[in-house]
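Undergrad: Using the sequences and the accompanying hints, generate a full structural model.
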Amino acid sequence: DAGITQSPRHKVTETGTPVTLRCHQTENHRYMYWYRQDPGHGLRLIHYSYGVKDTDKGEVSDGYSVSRSKTEDFLLTLESATSSQTSVYFCAISDLAASTDTQYFGPGTRLTVL
Amino acid sequence: KQEVTQIPAALSVPEGENLVLNCSFTDSAIYNLQWFRQDPGKGLTSLLLIQSSQREQTSGRLNASLDKSSGRSTLYIAASQPGDSATYLCAPLSSGSARQLTFGSGTQLTVLP
Chain Z
1 DAGITQSPRH KVTETGTPVT LRCHQTENHR YMYWYRQDPG HGLRLIHYSY
51 GVKDTDKGEV SDGYSVSRSK TEDFLLTLES ATSSQTSVYF CAISDLAAST
101 DTQYFGPGTR LTVL
Chain Y
1 KQEVTQIPAA LSVPEGENLV LNCSFTDSAI YNLQWFRQDP GKGLTSLLLI
51 QSSQREQTSG RLNASLDKSS GRSTLYIAAS QPGDSATYLC APLSSGSARQ
101 LTFGSGTQLT VLP
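Listed in order, the protein sequences are those of chains Z and Y. When you number the first sequence by this note's numbering, it's gap-free, plus one each residue, and the end is 114. When you number the second sequence by this note's numbering, it's gap-free, plus one each residue, and the end is 113.
What the hints contain is simulated information worked out from the structure, not anything from laboratory work. Check the hints yourself; a few may be wrong.
[Claimed, not checked] The calculated lysine to any residue pairs, modelled on SDA-like cross-linking and capped at a C-alpha distance of 20 Å, are: (1) Y:LYS42 - Z:HIS24; (2) Y:LYS1 - Z:GLY58; (3) Y:LYS1 - Z:ARG68; (4) Y:LYS42 - Z:TYR104; (5) Y:LYS1 - Z:LYS70; (6) Z:LYS11 - Z:THR82; (7) Y:LYS1 - Y:SER24; (8) Z:LYS57 - Y:SER95; (9) Y:LYS42 - Z:PRO8; (10) Y:LYS1 - Z:SER69; (11) Y:LYS1 - Z:ASP62; (12) Y:LYS42 - Z:ARG9; (13) Z:LYS53 - Y:SER24; (14) Y:LYS68 - Z:ASP101; (15) Z:LYS70 - Z:THR55; (16) Y:LYS42 - Z:SER65; (17) Z:LYS57 - Y:LYS68; (18) Z:LYS57 - Y:GLN51; (19) Y:LYS1 - Z:THR86; (20) Z:LYS11 - Y:GLY43; (21) Y:LYS42 - Z:ASP38; (22) Z:LYS53 - Z:SER69; (23) Z:LYS11 - Y:GLY41; (24) Y:LYS1 - Z:SER61; (25) Y:LYS42 - Z:THR86; (26) Y:LYS42 - Z:SER61; (27) Y:LYS1 - Z:VAL60; (28) Y:LYS42 - Z:GLY42.
TA: Structure representation (structure tokens):
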């Protein structure tokens with residue numbers, strides 16, 4: 001398995017509080033991604049990074065920010081959590097081989113916003 | 001915008017049957033297509049990756065095909081086992097700098113012993 005860890009694995013928080021989720025990789029892959037998974041919507045891309053300090057928005061980026069100060073760490077921040085952000089969050093990594101580019105996923109973080 | 005549809009949404013079969021899961025996508029400008037497996041409460045495990053120039057890819061009892069021009073892929077599982085029970089997701093990787101995977105909603109497979 002690809003070396004990807006996510007922390008915390010579970011979190012319960014209250015509306016309006018800030019939350020930061022961490023993704024850590026040991027594979028030295030350039031690309032890192034944050035997805036959320038919700039019933040009826042499947043997995044949707046929130047933000048991705050293509051290098052240190054290089055990030056871009058995905059399909060559902062509103063209410064989320066990201067930072068990548070080191071190759072191995074990609075942080076997802078909810079500045080002021082809302083109940084609509086209750087979800088399972090997955091981090092993924094990939095290398096740069098384009099046609100053979102495989103994304104590897106972390107174990108996920110289950111976030112509940114009360 | 002890429003859209004991915006997987007049919008059927010759920011499937012229940014007796015052990016030993018061969019089965020086919022279907023995936024269709026709207027934008028044929030893709031680098032590749034991945035099939036993933038997801039067990040309840042777990043992350044995604046990559047099963048097969050088919051490059052845009054390939055027609056088929058095989059791994060053990062799994063065979064995936066790709067018809068990029070028609071926007072279709074199928075995952076064939078031979079001699080199904082109870083351990084194959086999981087949700088199967090397909091995801092084409094879009095061409096361009098974003099390199100985004102777009103996921104279908106998945107097929108939930110139950111193999112009955």
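Undergrad: Compare the structure with each hint and give your call.
TA: Taking the hints in turn, this is what the structure says about them:
Of the supplied pair hints, the one linking LYS42 (chain Y) and HIS24 (chain Z) holds, its CA atoms being roughly 17 Å apart against a limit of 20 Å. As the CA atoms of LYS1 (chain Y) and GLY58 (chain Z) are separated by approximately 12 Å, the hinted pair is consistent with the 20 Å bound. A C-alpha spacing of about 27 Å is found between LYS1 (chain Y) and ARG68 (chain Z), which places the hinted pair above 20 Å, so the restraint is violated. At most 20 Å may separate the alpha-carbon atoms for a hinted pair to count; LYS42 (chain Y) and TYR104 (chain Z) meet this at roughly 13 Å.
At roughly 31 Å between alpha-carbon atoms, LYS1 (chain Y) and LYS70 (chain Z) are farther apart than 20 Å, so this suggested pair is violated. At roughly 14 Å between alpha-carbon atoms, LYS11 (chain Z) and THR82 (chain Z) fall within 20 Å of each other, so this suggested pair holds. A threshold of 20 Å between alpha carbons decides the hint, and for LYS1 (chain Y) with SER24 (chain Y) the separation of about 14 Å falls inside it, so the pair holds. With a C-alpha separation of about 16 Å, the suggested pair LYS57 (chain Z) and SER95 (chain Y) falls inside the 20 Å cut-off, and the hint holds.
Distance hint between LYS42 (chain Y) and PRO8 (chain Z) is fulfilled; the C-alpha atoms sit about 15 Å from each other, no more than 20 Å. This hinted pair does not check out: LYS1 (chain Y) and SER69 (chain Z) have alpha carbons roughly 30 Å apart, beyond 20 Å. For the suggested pair LYS1 (chain Y) and ASP62 (chain Z), the alpha carbons sit about 18 Å apart, so the restraint of at most 20 Å is met. A threshold of 20 Å between alpha carbons decides the hint, and for LYS42 (chain Y) with ARG9 (chain Z) the separation of about 11 Å falls inside it, so the pair holds.
Restraint check: the Cα-Cα separation between LYS53 (chain Z) and SER24 (chain Y) comes to about 35 Å, which exceeds 20 Å; the hinted pair is violated. Between LYS68 (chain Y) and ASP101 (chain Z), the direct Cα distance comes to roughly 17 Å. Compliance with the 20 Å bound is thereby established for this hinted pair. A C-alpha spacing of about 12 Å is found between LYS70 (chain Z) and THR55 (chain Z), which places the hinted pair at or below 20 Å, so the restraint holds. At most 20 Å may separate the alpha-carbon atoms for a hinted pair to count; LYS42 (chain Y) and SER65 (chain Z) exceed this at roughly 25 Å.
Distance restraint check for LYS57 (chain Z) and LYS68 (chain Y): the Cα-Cα separation of roughly 27 Å exceeds the 20 Å cut-off, and the hinted pair is therefore not satisfied. Distance check on the hinted pair: LYS57 (chain Z) and GLN51 (chain Y) sit about 25 Å apart at the alpha-carbon level, beyond 20 Å; violated. For the suggested pair LYS1 (chain Y) and THR86 (chain Z), the alpha carbons sit about 25 Å apart, so the restraint of at most 20 Å is broken. With a CA separation close to 17 Å, the supplied pair LYS11 (chain Z) and GLY43 (chain Y) stays within the 20 Å bound.
A threshold of 20 Å between alpha carbons decides the hint, and for LYS42 (chain Y) with ASP38 (chain Z) the separation of about 14 Å falls inside it, so the pair holds. Restraint check for LYS53 (chain Z) and SER69 (chain Z): the C-alpha separation of about 6 Å stays at or below 20 Å, so the hint holds. Our distance criterion of 20 Å between C-alpha atoms is met by LYS11 (chain Z) and GLY41 (chain Y), whose separation comes to about 15 Å. Proximity of LYS1 (chain Y) to SER61 (chain Z) is assessed by CA-CA distance (about 16 Å); at most 20 Å being required, the pair is judged to hold.
For the hint linking LYS42 (chain Y) to THR86 (chain Z), the alpha-carbon distance of about 17 Å falls within 20 Å, and the restraint holds. A C-alpha spacing of about 23 Å is found between LYS42 (chain Y) and SER61 (chain Z), which places the hinted pair above 20 Å, so the restraint is violated. Of the pairs offered as hints, the one joining LYS1 (chain Y) and VAL60 (chain Z) holds, with about 13 Å between alpha carbons and a cut-off of 20 Å not exceeded. Taking the CA atoms of LYS42 (chain Y) and GLY42 (chain Z), the gap is about 14 Å. The hint holds against a cut of 20 Å.
When the structure is compared with the earlier hints, violations turn up for hints 3, 5, 10, 13, 16, 17, 18, 19 and 26 and for no others.
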